[in-house]
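Novice: Here's the letter readout for the chains.
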Amino acid sequence: MPDIKTEEMLLNMGPQHPSTHGVFRVVVRTDGEMVLETESHIGYLHRCFEKVAENNNYLQVVPYTDRMDYLCAMANNLGYAQTVEKLMQLQVPERAEHIRVIVTELNRIASHLMAFGTYGMDIGAMTPFLYAFRDREMILKIFEKLCGQRLNYSYVRIGGVTFDITDEIVADIARFCEYFEPSIIKEYNDLLSYNGIFISRTANVGVLPVELAISYGVTGPSLRGSGLKRDLRKDEPSSIYDRFEFDVPVGTGEMGTIGDCWDRYMVRIREMTESVKIIRQALDALPPGEFCDKKAFRGVKPPKGEVYHKVEGARGEVGFYLVSDGTNKPYRVKARGPSFSNISVLDALTSRGDCMVADMVAIIGSLDIVMGEVDR
Amino acid sequence: MTRPRNTAILASACIALSVLGPALWAQEAAGTAPTAAPGAAQDGSAVGGIVQSGAVPAPAAEPAPPTAADLAKRYGTIPEQGGLYLQAGFYQLVDALGLAVTLPEWLVVLVALLVVCLLVFGFINVFALFAVWLERKVSAHIQCRLGPMEVGPHGLLQTIADGIKLTAKEDIIPRLADRPLYILAPILVFTGVLIRFVPLPFGQHLVASDLDLGLFFVAAVGTVEVIGVIMAGWSSNNKWSLFGTIRTATQMVSYEIPIGFAFVAVIACAGSFSLQDIVNQQRGWFWNWYVLVNPFLTILSIVYLTASLAECKRAPFDLPEAESELVSGFHTEYTGMRFGLFFLSEYAAMYLVSAVAVVIFFGGWWSGIRPLDDIGMSPGSPPAAAIAGFLLKAAVFVTKAVVLVFVQVWVRWTLPRVRLDQMMHLCWKVLLPISLVCLVGSTLWQMASGGAGLYGIPALLGLGS
Amino acid sequence: MATGNYFSDIFRVSKSIVIGLGITIRYFFKYKKNLVTIQYPRERDLIPPRHRGIHYLETEKCVMCWKCSDICPVDCIYIEGTRGADGPLPGGYRGQKATLSKFTVDYTVCIFCGLCEEPCPPKCIFLGPTFDYHATDRTLMEKNLLTDEVYTQDDEKFVQWARQENERRAAEKKKREEEEKAKAAAAKAAAPPAETPAKKKEGAAAEGKPPGKA
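Protein chains in written order, with this note's numbering: chain R, 268 to 643; chain B, 1170 to 1634; chain A, 1250 to 1463.
By construction, these hints were calculated from the structure, which means they are not laboratory data. This structure is a prediction, so every number in the text was calculated from the model and none was measured. We put the CB at the ideal spot given by N, CA and C, even for glycine. Treat the hints with caution; some may be incorrect.
[What the hints assert, rightly or not] Label-pair restraints from in silico Cβ distances:
(1) A:K1264 x R:S618: 35 to 43 Å
(2) A:K1281 x B:L1279: 47 to 55 Å
(3) A:N1254 x R:Q283: 37 to 45 Å
(4) A:N1254 x B:R1539: 39 to 47 Å
(5) A:D1258 x R:K544: 33 to 41 Å
(6) R:G310 x A:G1377: 22 to 30 Å
(7) R:R619 x B:V1422: 29 to 37 Å
(8) A:T1286 x R:R619: 38 to 46 Å
[Unchecked claim] With a cut-off of at most 20 Å between alpha-carbon atoms, the simulated EDC-like pairs for lysine to aspartate or glutamate come out as follows:
(9) R:K568 x A:E1329
(10) R:K544 x R:D592
(11) A:K1316 x A:E1329
(12) B:K1408 x R:E454
(13) R:K577 x R:E306
(14) A:K1279 x R:E503
(15) R:K596 x R:E304
(16) A:K1316 x A:D1258
(17) R:K412 x A:E1366
(18) A:K1264 x R:E304
(19) R:K412 x A:E1307
(20) R:K577 x R:E503
(21) A:K1372 x A:E1329
(22) A:K1282 x R:E454
(23) B:K1598 x A:D1258
(24) R:K353 x R:D614
(25) R:K568 x A:E1367
(26) R:K561 x R:E304
(27) R:K408 x A:D1381
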């Protein structure tokens, strides 16, 4: 209505806000509830990972890689370790490969549980958050038995893993898989995913077309929610992912348009089922043997050269670009955090003119951002 | 000014305003209402008191100072059946102490109203304490944890600790905030909720003042709360609070309409606005409750419960205080006891809408089992039975209201939040047409069936009413 | 909105809401069985053996190789002491081939990565089960692993004294060696006997006492 003169409001969803996941500032220009334009400011969690990696030797960098994407730390460790092993052409024992796959998939489940819980909280349902954390607690207890820490593991190292996996832990993991799938996932679907109010909040909201996603470099469940079946575990399998059978869930526009928030969210729920499949297969196929390459444990000195290697983290493609000059300290480590590219698409999604302030919260939650990865 | 003194002044101002306000209002409304059943007043034993007969004075002639019966006749309705009546009981007490001749009339009436209002206010406070504990425990049990366990057995005294914490907090008023509005907003919100308790019964005849326009009063006066919320958001000088305010204004005003239609349908069934009358119409077995009388009223009860959730700003309609979007909505900038007043009024409103739902749909204080309801109700029953019946009815009423409050808490912790336009769609495009259709349908059904319960089935089966 | 969808939408949403409510009410009535939390200070969880908490050190095994200090990514382990057969430093802690005067971990810096456990040759440093190490001041967060207590001012004084004492001993030793070299050189020219035992006894008597930790 051109007769009504309305004023625009400049709102600051500041670094401290209950629904931005981590310290992330968005300056929003709104006309009432409709968002006209957003501008994101990042960098509040920058900790100079890449500079620090230049001054520590290869083993000492491993705890730093944990803290980039702290919710899926095993994938970061895995990416870094595999990068160095690729440069060194190092062969990792079979048992270590299987253990790596198991812990990475367990961590993926834990990370998706966290995403599911906090997304529910952003939308307003407080209870699924607690249920997700109850299940996440079981995974964290398994990890504590395995490597001693609940969040920043430093477990996957160059040449293998730090500790061996015992029969008790194998039994725990099997019990967890039995408990989790399919009954708990069905409970989450009944409680939140197919809830009418949740669907009306997330369907047809924040539709991410595939071309836009590709041009911004979005990867992971956010890309798969837009319909493109791209998963590094299937397309460019590193270690032994090609031995396991699993599906890659893709958004289909079941409740709205392809690429809306509901699709991205549902891809994560379905990925949890697939991860349990992989874990079961890996547990069955766990061979006896060494759990690490002992020589590599004491210190590595890769030959001169550079290499880029990527793995599928919980949020997308975690990549490490390593330049080595032959000493025991890396010359340059660049980490590609998937949330950095994922978050860059936010401004494009909200500036189309059909987004309300409540929708913006839903979009940020569905992209599943971890600021540790964005800022490194 | 030191912080505790500020808080004390604010708290006493609130109490004074909220007590005197309804007292004066009720006085006004009650004074103009015609009394019912004058014939029963001649028979002193029908004017209930603790002693049914004997100690009741006969009505005096005009020039003599007014007796308890006169006061009761003038300032409240007289029950035609047995039972206890609070205000009349107070006048009986005054009369028995012989004070009616010595004290001026206005003083006795004012003291009566003040005492009653303080009782109501006390009940609200105790209920808010209980409701906060209930919410925390229920949400904890739903979420596989225990809730407060430290303070008091099973955390029962936790709310008192929270209240002490709130009073001890620093009283911040933002520098650029609109001071008069900022200070007045919580008072208005709390008063708006408190006033609505005037015609609300807590049991048979256990009411502050049984207004003849009870239901209409409840619906109309509650709009003061909306003004308070708008003032709170505007005066905070905070864009996020403003968001919460705008959402609140639209939400609370829109959802009053389905509530109004539900009220109208019930009033059409009952034939009176007075809450006591509405409940008395539902006497008998439980199929006389208005929720079970005809299917349109069943749907209307669901509509009313949904709309009342929106009126209380509870999830899934808690956009005004959407925690993950607006930090705290319109009460972001409020700390200490000012925030405590918002908090208190939210729980008081929860009880209020639950109690009104119990009154108009769920049978009020009648337990739905006829023999239980008849305890102490016949005019010649012994005083022990009267007291037992009185207490039973009060307990039934409060229990039903608490069950509905539990349902509100249960719904809050299960469902996500709706968006603003979806909330508007729900109100104007779903609840409003449904309530219109149900209103017409229910009145037609009542006219056709003559008011039989449970869709007329027990009457067909000859089960009595 | 198409009228065909209107009622089915309402029905679908209501059904999903009722299913969700059913799940939560089931949890409400069975909460005792489903309880996940414990009342923390009174009940505690079992700590698994590999848990990475506060360090503890088996002092008598330490050879002061500095390997744990080198591998630490954040440089939070501080070790000082003397190696060698010069006689024990009074107040110092006797390790296998060394006397330690300082072995602290700064817990405002430590990230509990566990990297320090592996390179230790005699396997004497471990990360233990304590996770609630706390203090009221940042300066009190440095733990002296030799005494298993907070690193205090007295400890710092001892370390300063130990440094000076070591320097003093090293200087004395150097002086002694030079004197001996001169003497040996002079004795090569002439034919004198050596007076080493008496000199050594004098050197021992000249050592001072460490402050506070006699």
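Novice: Hint by hint, note whether the structure agrees.
Specialist: Right, here's what the structure says about each hint:
no.: 1; hint: A:K1264 x R:S618: 35 to 43 Å; verdict: holds, 37 Å
no.: 2; hint: A:K1281 x B:L1279: 47 to 55 Å; verdict: holds, 52 Å
no.: 3; hint: A:N1254 x R:Q283: 37 to 45 Å; verdict: holds, 42 Å
no.: 4; hint: A:N1254 x B:R1539: 39 to 47 Å; verdict: holds, 46 Å
no.: 5; hint: A:D1258 x R:K544: 33 to 41 Å; verdict: holds, 35 Å
no.: 6; hint: R:G310 x A:G1377: 22 to 30 Å; verdict: violated, 37 Å
no.: 7; hint: R:R619 x B:V1422: 29 to 37 Å; verdict: holds, 31 Å
no.: 8; hint: A:T1286 x R:R619: 38 to 46 Å; verdict: holds, 44 Å
no.: 9; hint: R:K568 x A:E1329; verdict: violated, 29 Å
no.: 10; hint: R:K544 x R:D592; verdict: violated, 41 Å
no.: 11; hint: A:K1316 x A:E1329; verdict: holds, 13 Å
no.: 12; hint: B:K1408 x R:E454; verdict: violated, 38 Å
no.: 13; hint: R:K577 x R:E306; verdict: violated, 29 Å
no.: 14; hint: A:K1279 x R:E503; verdict: violated, 47 Å
no.: 15; hint: R:K596 x R:E304; verdict: violated, 44 Å
no.: 16; hint: A:K1316 x A:D1258; verdict: violated, 68 Å
no.: 17; hint: R:K412 x A:E1366; verdict: holds, 17 Å
no.: 18; hint: A:K1264 x R:E304; verdict: violated, 37 Å
no.: 19; hint: R:K412 x A:E1307; verdict: violated, 24 Å
no.: 20; hint: R:K577 x R:E503; verdict: holds, 9 Å
no.: 21; hint: A:K1372 x A:E1329; verdict: holds, 19 Å
no.: 22; hint: A:K1282 x R:E454; verdict: holds, 17 Å
no.: 23; hint: B:K1598 x A:D1258; verdict: holds, 12 Å
no.: 24; hint: R:K353 x R:D614; verdict: violated, 36 Å
no.: 25; hint: R:K568 x A:E1367; verdict: holds, 18 Å
no.: 26; hint: R:K561 x R:E304; verdict: violated, 55 Å
no.: 27; hint: R:K408 x A:D1381; verdict: holds, 17 Å
Hints 6, 9, 10, 12, 13, 14, 15, 16, 18, 19, 24, 26, counting from the list given before, are not met by this structure.
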